[in-house]
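Starting from the structure of chain A, add chain B where the hints point.
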Amino acid sequence: MNPEKQLAVAALQNGTVIDHIPCEAVYRSARILGLEDTTHAVTIGCNLTSRKLGRKGIIKVADMEFDADTLNRIALIAPTAVVNIIRDYEVVEKRPVELPDRIMGIVRCNNPKCISNHQPMATKFDVISREPVVIRCHYCNHSVSGADAKTI
Amino acid sequence: MNPNSFVSIADITEDEIRHLLERARYFEEHPNSKILDGKVVATLFFEPSTRTRLSFETAVNRLCGRIIGFSDPGSSSTSKGETLKDTIKMVSNYADLIVMRHYLEGAARYATEVTDIPIINAGDGANQHPSQTMLDLYSIYKTQGRLDNLVITLVGDLKYGRTVHSMLQAMKYFKPRFNFVASHELAMPQEYKDFCRAEGIPFTETTDFSADVINQSDIIYMTRVQRERFTDPVEYERVKDLYTLHNAMLAGSKPNLRILHPLPRVNEIDVDVDDNPKAYYFEQARNGLFARQAIITRALGL
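Taken in sequence, the protein lines are chains A and B. All residue numbers for the first sequence refer to the working numbering, where the first residue is 32 and numbers rise by one. All residue numbers for the second sequence refer to the working numbering, where the first residue is 179 and numbers rise by one.
Be a bit skeptical, because a hint or two may be false.
[Said to hold, decoys possible] Derived DSS-like pairs (lysine-lysine); straight-line CA-CA distance at most 25 Å: (1) B:LYS267 <-> B:LYS217; (2) A:LYS144 <-> B:LYS418; (3) A:LYS144 <-> B:LYS263; (4) A:LYS155 <-> B:LYS418; (5) B:LYS371 <-> B:LYS350; (6) B:LYS432 <-> B:LYS456.
Keep in mind the hints are simulated off the structure, nothing from the lab.
The shape of chain A in the complex, shown without the other chains:
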């Protein structure tokens, strides 16, 4: 086999592969998807060669599919990510993650005087620009770029 074509990570029989994740967002994406607590087999790849990104990250989760809302939660930190649904070694669905209009409970407001940093409550942000990504706190109205947003 041509070594360049060799898969860096073993193929899945069934499950979800999230490809083209920016390297710096791989571990945070895994946390947002709740993979720290799963009992399914999870493979995380980092600094893999990518024609699109140069270097990329990848997350494979065996025998598990996610609903779109859950997967779209990583769109803020991994806007380039592509989701592949695998059934019986075949890619049956392939689509990019999509940034929702409202982001609930993922981002921490970076305004220290925001109520959401002082009360036991979920944060809420509205996406006010997509290119580049800018989000605004629903409570205190402070805006932050997607790149500077702190995730919980």
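Here is chain B on its own, set in the frame of chain A:
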């Protein structure tokens, strides 16, 4: 969530703004009535603000409503560690309306999400203070006879001054032209300049509080450079006296010019301006009563 809550000036439409101004005019002509008879209004001041609280409570009292609440968070259950949600839910059992002031930004918005009774935001940190904006608009409307096509000069602390930020948002319907006069340290934040550009509102920006700027203005809105907004006291001392208005500076100003200030004033308007008929800041505070009567009755669906 109650749809009649009033958290931010951005929540209401142009029609609602005009309707509130007409209502304020009605209350100026009829400040005393029994329209709130049988209603209980809670004033929850998690941060002391005597001026705003007295204005709201006078508005309720003159309309024959009853008031419960606290003016000092130290005497409330907050000091025992109760969450804001629990306090709002508890008070909602007793009152028809909550008027709240909080030191944290977004507190009033959050409060609307945990109760079905209307919430009026009486100031949430540096964020919003919509009843102040309504009284400012009413003052402009009353003194100029219109809101459209006015030249409005904002002076002083344009960085932290929430009243000037709300003013920009509220005036977007009325084709204003703005002059922003401030030191570099207290200049209008980029997001509000972007807002003006997006809304097609022309503005100039200068550090020089010059005769040229003053003489073209219909409204000069002075703001206090607030000591409590500074982390560095040396910086405060350096900028606090840079933008003081003296009576002599008004010599060439337009006859319809009026000077507004949200008060309290420290030294940004010299006392020699007080006797000039163009000084309007004391009447402006009085307009707060009528604007708040309008806001309270709207919130209660009356």
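Going through the hints against the structure:
{"no.": "1", "hint": "B:LYS267 <-> B:LYS217", "verdict": "holds, 18 Å"}
{"no.": "2", "hint": "A:LYS144 <-> B:LYS418", "verdict": "holds, 24 Å"}
{"no.": "3", "hint": "A:LYS144 <-> B:LYS263", "verdict": "holds, 17 Å"}
{"no.": "4", "hint": "A:LYS155 <-> B:LYS418", "verdict": "violated, 37 Å"}
{"no.": "5", "hint": "B:LYS371 <-> B:LYS350", "verdict": "holds, 12 Å"}
{"no.": "6", "hint": "B:LYS432 <-> B:LYS456", "verdict": "holds, 10 Å"}
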